[in-house]
Structures are given as structure tokens and as C-alpha cells.
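Below, each chain spelled out in residue letters.
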Amino acid sequence: MLKCKDIVARSSDYLDGELTSWARINYRVHLMMCTHCRRYLRHFRIAIQAAARVARTGTDPVTAEQISESVQRNS
Amino acid sequence: MTIEQTQAVDLALLRAQDHGAFTQLVQQYHGQLLVVARAIVRPAQAEEVVQEAWVSIFRALPKFEGRSSIKTWMFTIVSNAAKGKLRKENREITWDDAERVLGDYLSEDRFKSDGHWSSGPVNWHMESPDRILEESQLKQCIEKNLALLPDAQRAVFLLRDVEQQPLDTICNMLGITNSNARVLLHRARVSLLSVVDHYQETGQC
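Order-wise, the sequence lines are chains A and B. Note that the UniProt record's numbering has the first sequence beginning at 1, numbered continuously upward. Note that the UniProt record's numbering has the second sequence beginning at 1, numbered continuously upward.
It is possible that some hints are incorrect.
[Unchecked claim] Now the stretches of chain B that chain A is said to cover, found in silico as 3 or more residues with beta-carbon under 8 Å:
1) 13-25
2) 80-91
3) 102-115
Everything labelled a hint here was simulated from the structure, so no lab data went into it. We put the beta carbon where it would ideally sit given N, CA and C, even for glycine.
Isolated chain A, as found in the complex:
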């Protein structure tokens, strides 16, 4: 029987499809029964998606232009 602590510890493997099918079934059974873990997993997903969008920010255009020019001069 999985404990909440296990649900948290394996949450990345669950999201990435890295659990065996048996482990995945056990995981889902726990989620069905546990509101706290459902909330945890919901928050985990939201936080990852939000942070991923923040991390996608590009380089400022002036720096990009400088790099681009120097690369083309050297090629």
C-alpha cells in the first residue's frame, strides 16, 4: 500500500510515464482515495507548467543581434 510520502516521491516518475504498469495502478488507486495527494499532484503540475513558461524567456534583442553579427563575421 503506497503512503502519501511515496506518492510525492514518485510524482515525477508518474508524470513522465516511468512507473511500471503495476506501480501506476497502485498510484492511481491511492490518488482515488486521497484528496490531499490529488491536490498535491494538481499543484505539482501547475507549478511545473508555470515555471516552464517563465524559463522560456528569450535573450534580449540587443545581445542577440551582437552575437548574431559576430558569428556571421567569423563564418
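Could you slot chain B onto chain A? The hints should help.
Positioned in the frame of chain A, the structure of chain B alone reads:
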């Protein structure tokens, strides 16, 4: 920078080494390539590795066949360049603080001795990524903490959750095992969860 914009760089223009298209590519990916390089070489060398990689990328663009996506192709060029630098110096990848997890989301008192929550996760009032990004203070807080992640964790997070690369591709790029990659990724994600959770609870970074 959104995914839609990322895909907008015109491959035909890039193959023709068009200045504007190439500059746009640099603007979108320079930061990401640096993150990957920093996970392999020392921070001071990463900038140099990426500069050189841009030259290789620019020269190779006319021959880019599109068998992989352009970003996967660029990430591979940078990681090979960085690993080449390591080999030249006879060094191996060293991570100083890859173990570190930010915040206290997983502190011991979160769980009872039987392994169940002592008190469950707090309620969030911002329950979607959109809502979170509207909160500029929280957005800045996430940005700040992304920079605080250990280099290897940041690289795995970027490649997996931002660039959606498969785990085995990430392992090849960074020269790490599957279990390494999974641990690093989980730590990065928990740190970022901790940051968002703390802000939702206290209104502070």
C-alpha cells in the same frame, strides 16, 4: 517567448543563413544553450562553448536536414562541444551542489511517522499557470529561483519541461544515467513547487 513564436522561425530562411532569421534563433535559444553548456562545463567556459557552437550551427545550417527538430539539433551541437572541451582537459562532469532542493515543501514534519500527510497541501488561490503568471511578483520570484537551481537540475528541467525532450535524449546530451536524470528533474520540480506554494501561502517570495 511562447512555443508558437519558437516554431515561427522559418527553416528555409535559416538554411539560406538569413541574418534576421538567424538573429531570431539566437534570441530564442541563446539562454537555453547556455543552460545546457553550464551543466557540462564550468560556468566561465560555458559562454565560450556556446559562442563557438553558434558558429558551428550557422555554418551547418545549409546542411540541416530536419531529421530532428532544430532545437534538438542545436542542443546536441552544444552538448557535444561542451563534452569535447571536457575531454580535451581530461576532466569529468562535476556537480557541486546537485543535491540541493530549494524551500521546505518536503520538510520532515510534512508527513506523519506512518508516511501520510500531517496536514495536506494548503489551498491555492491561483489555480492555473495563467493565473500564476499574471501575478508579476510571483513570476519574478520563479525567475529568481530558476537561477538559484543547481546547474544540472536547471538543465534537466529546461530540456524536459520546457523543451519536451525525451529522458533518454537528455541523458545522452548531458552524459548522465536515466536514474540521475530522474532524480535531478524531480528535485528541480519540487523546488519550483515549493516556491509557488510558499508564495500562495504567504504572498511573499
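* Count residues of the region 13-25 of chain B with a Cβ under 8 Å from any Cβ of chain A, then say if the count reaches three. => Contact hint for the region 13-25 of chain B vs chain A: holds, 5 residues under 8 Å.
* Would you say the region 80-91 of chain B counts as covered by chain A, given the rule of at least 3 residues with C-beta under 8 Å? -> violated (count 0)
* Counting residues of the region 102-115 of chain B whose CB is closer than 8 Å to a CB in chain A, do you get three or more? -> Since 4 is at least three, the answer is holds.
The earlier numbered hint that this structure contradicts is number 2, and it is the only one.
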